[in-house]
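Chemist: Given next are the chains, with one letter for each unit.
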Amino acid sequence: MSEYTIKDKVAVIGVGETTYYKRAQAPVSEFRLACEAIIKAADDAGIDVKDIDGISGYADDRNDASRLATALGLKHLGFAGMVWGGGGGGGSGAVGNAAAALVAGYAKYVVVFRALAQGQFGRFGQAPVTNSVSGAPAFTAPYGLYVPAQWVALRTRRFMHQYGINQEPLAAVAMADYYHAQFNPRAVMYGRPLTRAEYDKSRWIVEPFHLYDCCMENDGSAALILTTADRARDAKQKPAYLMAAAQGSNYRHNATVENSADYASSNFKTLAPRLFEMAGITPKDVDCAQIYEHFSGAVMISLVEHGFCKPEEVMDFVTYENIIAPKGKLPINTSGGNIAECYMHGLELVNEAVRQVRGDSTCQVPGAKISLVASGPMVSPVTDLIVHSI
Amino acid sequence: MAQDSKSEIKKYYLPEGLPAPRAARTGVDKEYWDATKRHELVVQKCNSCGAFQWGPEVLCHQCHSFEMGWQKVAGRGRLYSWVRCWNPVHPALKDACPYIVAVVELPDAGNIRMVGNLLGDPHQNPPFDSAVEAVFEDHPDATLVQWKVTAK
Chain A
9 MSEYTIKDKV
19 AVIGVGETTY
29 YKRAQAPVSE
39 FRLACEAIIK
49 AADDAGIDVK
59 DIDGISGYAD
69 DRNDASRLAT
79 ALGLKHLGFA
89 GMVWGGGGGG
99 GSGAVGNAAA
109 ALVAGYAKYV
119 VVFRALAQGQ
129 FGRFGQAPVT
139 NSVSGAPAFT
149 APYGLYVPAQ
159 WVALRTRRFM
169 HQYGINQEPL
179 AAVAMADYYH
189 AQFNPRAVMY
199 GRPLTRAEYD
209 KSRWIVEPFH
219 LYDCCMENDG
229 SAALILTTAD
239 RARDAKQKPA
249 YLMAAAQGSN
259 YRHNATVENS
269 ADYASSNFKT
279 LAPRLFEMAG
289 ITPKDVDCAQ
299 IYEHFSGAVM
309 ISLVEHGFCK
319 PEEVMDFVTY
329 ENIIAPKGKL
339 PINTSGGNIA
349 ECYMHGLELV
359 NEAVRQVRGD
369 STCQVPGAKI
379 SLVASGPMVS
389 PVTDLIVHSI
Chain B
3 MAQDSKSEIK
13 KYYLPEGLPA
23 PRAARTGVDK
33 EYWDATKRHE
43 LVVQKCNSCG
53 AFQWGPEVLC
63 HQCHSFEMGW
73 QKVAGRGRLY
83 SWVRCWNPVH
93 PALKDACPYI
103 VAVVELPDAG
113 NIRMVGNLLG
123 DPHQNPPFDS
133 AVEAVFEDHP
143 DATLVQWKVT
153 AK
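Chains as they are written, first to last, in my numbering: chain A, 9 to 398; chain B, 3 to 154.
In short, the hints are calculated from the structure, not lab data. Idealized CB from N, CA, C, for every residue including glycine. Treat the hints with care, since some could be wrong.
[Stated by the list, open to error] Pairs of lysine-lysine residues, derived as PhoX-like cross-links and limited to a Cα-Cα distance of at most 25 Å, are as follows:
1) A/K244 to A/K116
2) A/K277 to A/K318
3) B/K96 to A/K30
4) A/K209 to B/K96
[Said to hold, decoys possible] If the Cβ cut is set under 8 Å, some of the chain B residues that face chain A in the computed set are:
5) L61
6) R115
7) N119
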């Protein structure tokens with residue numbers, strides 16, 4: 009193995025989150041939510057919050073690292089970094105950046121966080137109202153093509169056309185997320201089971217996405233604490249060691265006006281091989297996966313691009329029975345994920361991967377040692393990580 | 003001219019109130035918006051290596067020349083993907099759903115893709131890769147390029 013790797017050199021030693029709220033329901037500010045989640049993650053890790061000396065974020069987070077360091081009274085700030093890109097694509101990448109900072113010696117305890125209060129700020133699923141547009145949006149917005157649901161649907165439909173796929177894999181993802189959420193008291197949809205009839209009857213947002221194929225919009229915050237492997241050995245919690253982390257984008261994936269060279273892609277094709285090479289494992293070694301689901305269709309393509317099945321096998325592989333815990337071939341999104349736990353831009357998926365390998369998930373896969381997180385399909389960059397217990 | 007299900011003639015496919023496209027201040031796409039007003043479709047083509055490119059950018063992604071030119075192309079394409087939108091994502095669309103957004107590939111221009119609405123019945127289910135043709139929709143500030151399935 010190359011000496012240039014973060015494999016097993018750092019671990020997640022604590023996870024935390026605030027109460028997860030429906031959109032615009034948080035009773036406090038977004039900044040306060042961020043502080044609360046960071047304090048909870050530090051408490052889970054058994055470290056003094058003031059010993060955190062690195063802050064890693066993504067998605068143009070509005071909660072500035074220096075304001076956080078000041079408000080939390082951090083003794084000093086050794087690392088502050090952000091992943092490019094405005095969507096959930098950076099969730100695993102923020103963990104990867106934290107790992108790089110730790111291995112480089114910039115910091116000893118790095119927190120990764122995400123906070124959202126869409127009442128205080130704007131919604132993601134609605135277009136801003138302006139009189140005119142220029143640049144790339146000038147070629148799409150006048151046609152009513154505005155939001156991720158629409159362009160993810162366009163790519164998904166092309167993929168479904170190419171491989172003869174119907175609604176079933178999409179329904180399976182939505183149903184599995186809701187099923188898992190019924191075991192998770194943190195989940196916004198806890199106590200709100202979804203039947204297949206309700207799924208089928210629910211309104212279209214944009215074909216092929218029913219309401220339940222789409223992530224929620226939520227308020228809240230999630231955070232996790234990473235440190236070096238030598239420090240992790242003394243941690244209060246069982247460490248979740250980082251086997252691999254990677255960022256990526258296909259050739260000209262972000263070409264504007266729907267001009268990605270490889271259109272019907274989740275954008276993981278060049279990333280996934282590097283991820284598995286760093287981890288030294290193959291897809292069949294993964295016990296459970298947390299696959300970012302802004303929209304269900306992207307999950308099925310992400311599974312293909314990580315080598316869990318071939319595109320021709322989607323109809324047989326991406327079934328409800330195969331993707332639910334505890335006995336599915338590959339349980340995914342075992343906390344309920346973006347669709348039914350909380351849309352925390354996928355950081356709740358990272359916390360769930362950690363809980364799975366620690367053995368304290370609310371939907372525990374028996375004996376799970378390895379969990380993969382895929383962040384932000386179809387955006388650029390996308391990022392991934394794999395955690396495991398030793 | 004688009005027709006809705008009540009055969010009422012509508013001026014535009016989508017209601018007024020969506021933002022009007024404006025050429026970028028950098029000038030990178032001025033030729034496109036000037037051409038649509040003449041009911042011509044032009045796309046970026048590198049003066050140096052001949053590569054087609056879309057959306058417009060300041061240099062060629064193939065040879066890195068900054069001398070990007072414009073090529074007039076036929077308003078013919080293939081229906082690469084399309085979706086029926088049911089959720090009004092902008093206040094102007096409140097009573098306009100469903101409507102169809104199409105991605106069209108232009109075989110005459112290196113298979114670059116353009117976005118438009120697919121004119122006609124919003125409940126139609128056209129096959130993927132159907133032949134489509136451009137329809138110019140004149141607005142006060144700009145001309146949009148729409149698409150319709152080519153009659154066989």
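Chemist: Does the structure break any of the earlier hints, and which numbers would those be?
Modeler: 5
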